[in-house]
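Numbering (the numbering used here), first residue to last: 5 to 322.
Rather than coming from a laboratory, the hints here were simulated on the basis of the structure. Among these hints, one or two may not hold up.
In silico lysine to any residue, SDA-like type, Cα no more than 25 Å apart, as pairs [said to hold, decoys possible]:
id, residue 1, residue 2
1, Lys210, Ala129
2, Lys100, Val111
3, Lys253, Gly235
4, Lys199, Val229
5, Lys232, Glu196
6, Lys136, Ile177
7, Lys253, Ile207
8, Lys225, Lys110
9, Lys178, Asp248
10, Lys80, Glu118
11, Lys247, Cys275
12, Lys164, Asp248
13, Lys82, Pro287
14, Lys91, Val111
15, Lys131, Ile207
16, Lys91, Gln140
17, Lys253, Met278
18, Lys96, His291
19, Lys100, Gly246
20, Lys128, Ile221
21, Lys165, Lys225
22, Lys100, Val292
23, Lys136, Ser203
24, Lys225, Gln214
25, Lys128, Lys164
26, Lys220, Asp121
27, Lys247, Lys199
28, Lys253, Asp277
29, Lys136, Gly235
30, Lys210, Ala234
31, Lys131, Ser203
32, Lys110, Leu86
33, Lys110, Arg138
34, Lys100, Ile115
35, Lys260, Gly246
36, Lys199, Gly246
37, Lys128, Leu205
38, Lys232, Ile177
If you're wondering where the values come from, they're calculated on a predicted model, not measured in any experiment.
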Amino acid sequence: MLSESSSFLKGVMLGSIFCALITMLGHIRIGHGNRMHHHEHHHLQAPNKEDILKISEDERMELSKSFRVYCIILVKPKDVSLWAAVKETWTKHCDKAEFFSSENVKVFESINMETNDMWLMMRKAYKYAFDKYRDQYNWFFLARPTTFAIIENLKYFLLKKDPSQPFYLGHTIKSGDLEYVSMEGGIVLSVESMKRLNSLLSIPEKCPEQGGMIWKISEDKQLAVCLKYAGVFAENAEDAEGKDVFNTKSVGLFIKEAMTNHPNQVVEGCCSDMAVTFNGLTPNQMHVMMYGVYRLRAFGHVFNDALVFLPPNGSDND
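Let the hints inform the model, and build the full structure from the sequences given.
Here's what the structure looks like:
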């Protein structure tokens, strides 16, 4: 009798555990399905050149003028040499670029955020940019002073994207259930994403200043948490071949890795021809990149680009 009772109890326990597992798996599947339903495009690709050629010349000119990118660079006094290099190089190609510093620095003009906390700096910079420029710019690009960006490639990538839609893109990383855009490669927000983010900055339950956790998480992860509440999800930006265009490493490091991993395809195995950013550069490397991207020309060679993004007034296109 005791044996039968014991067997019955074991059966009940095993059955309960089995049911619990089935229920759990069901929840996981349902949760994943919902997430995919609301997040239909995880990998965003650059437009096809053939599609651009179908647009009339007048429309292309109008498009090239309509794209306006505001650049936010977060800096600290220790970054002063990088700060100078960024100011002298790629930021000239932003429609407007401003530096947001942790404290007042006499050497360079900047907007003082009065904090060393990178997440607070980011929040304040986004709020400042949206409050002041929401009607003037449709894309907002945020970067570290170690990042080099080719703004024309960014504009080309965004060509068929609607800034009135909630786009948030760059190089994505998955951390547990959270997918976020790494600040190392630069972060792009549409004006609609900026609008949604700013509506949450004053709601601590959804977008806390300190993350609301015992341990501190990085500023790019905290941004992703806030944007997720706003219905804005991280999108990985790629070229037509599936290569990342926002890069978290320098060109030199990518080439070294390609020489080791793909010795017969060093160039192909390295980087996208439509790369938007590289990161981890020194001031000297910034100037070398500027030379390679904007100054070096093969005599007699003409690029047959269907679309031209003219640099802003004041940029010498160097």
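Tested hints:
| no. | hint | result |
| --- | --- | --- |
| 1 | Lys210 to Ala129 | holds, 19 Å |
| 2 | Lys100 to Val111 | holds, 20 Å |
| 3 | Lys253 to Gly235 | violated, 29 Å |
| 4 | Lys199 to Val229 | holds, 16 Å |
| 5 | Lys232 to Glu196 | holds, 14 Å |
| 6 | Lys136 to Ile177 | violated, 31 Å |
| 7 | Lys253 to Ile207 | violated, 35 Å |
| 8 | Lys225 to Lys110 | violated, 32 Å |
| 9 | Lys178 to Asp248 | holds, 15 Å |
| 10 | Lys80 to Glu118 | holds, 11 Å |
| 11 | Lys247 to Cys275 | holds, 7 Å |
| 12 | Lys164 to Asp248 | holds, 18 Å |
| 13 | Lys82 to Pro287 | holds, 13 Å |
| 14 | Lys91 to Val111 | holds, 12 Å |
| 15 | Lys131 to Ile207 | holds, 14 Å |
| 16 | Lys91 to Gln140 | holds, 21 Å |
| 17 | Lys253 to Met278 | holds, 15 Å |
| 18 | Lys96 to His291 | holds, 13 Å |
| 19 | Lys100 to Gly246 | violated, 30 Å |
| 20 | Lys128 to Ile221 | holds, 18 Å |
| 21 | Lys165 to Lys225 | holds, 24 Å |
| 22 | Lys100 to Val292 | holds, 23 Å |
| 23 | Lys136 to Ser203 | holds, 15 Å |
| 24 | Lys225 to Gln214 | holds, 12 Å |
| 25 | Lys128 to Lys164 | violated, 29 Å |
| 26 | Lys220 to Asp121 | holds, 11 Å |
| 27 | Lys247 to Lys199 | violated, 30 Å |
| 28 | Lys253 to Asp277 | holds, 15 Å |
| 29 | Lys136 to Gly235 | holds, 24 Å |
| 30 | Lys210 to Ala234 | holds, 9 Å |
| 31 | Lys131 to Ser203 | holds, 10 Å |
| 32 | Lys110 to Leu86 | holds, 15 Å |
| 33 | Lys110 to Arg138 | violated, 28 Å |
| 34 | Lys100 to Ile115 | holds, 14 Å |
| 35 | Lys260 to Gly246 | holds, 20 Å |
| 36 | Lys199 to Gly246 | violated, 30 Å |
| 37 | Lys128 to Leu205 | holds, 9 Å |
| 38 | Lys232 to Ile177 | holds, 15 Å |
Hint violations for this structure: numbers 3, 6, 7, 8, 19, 25, 27, 33 and 36, all remaining hints satisfied.
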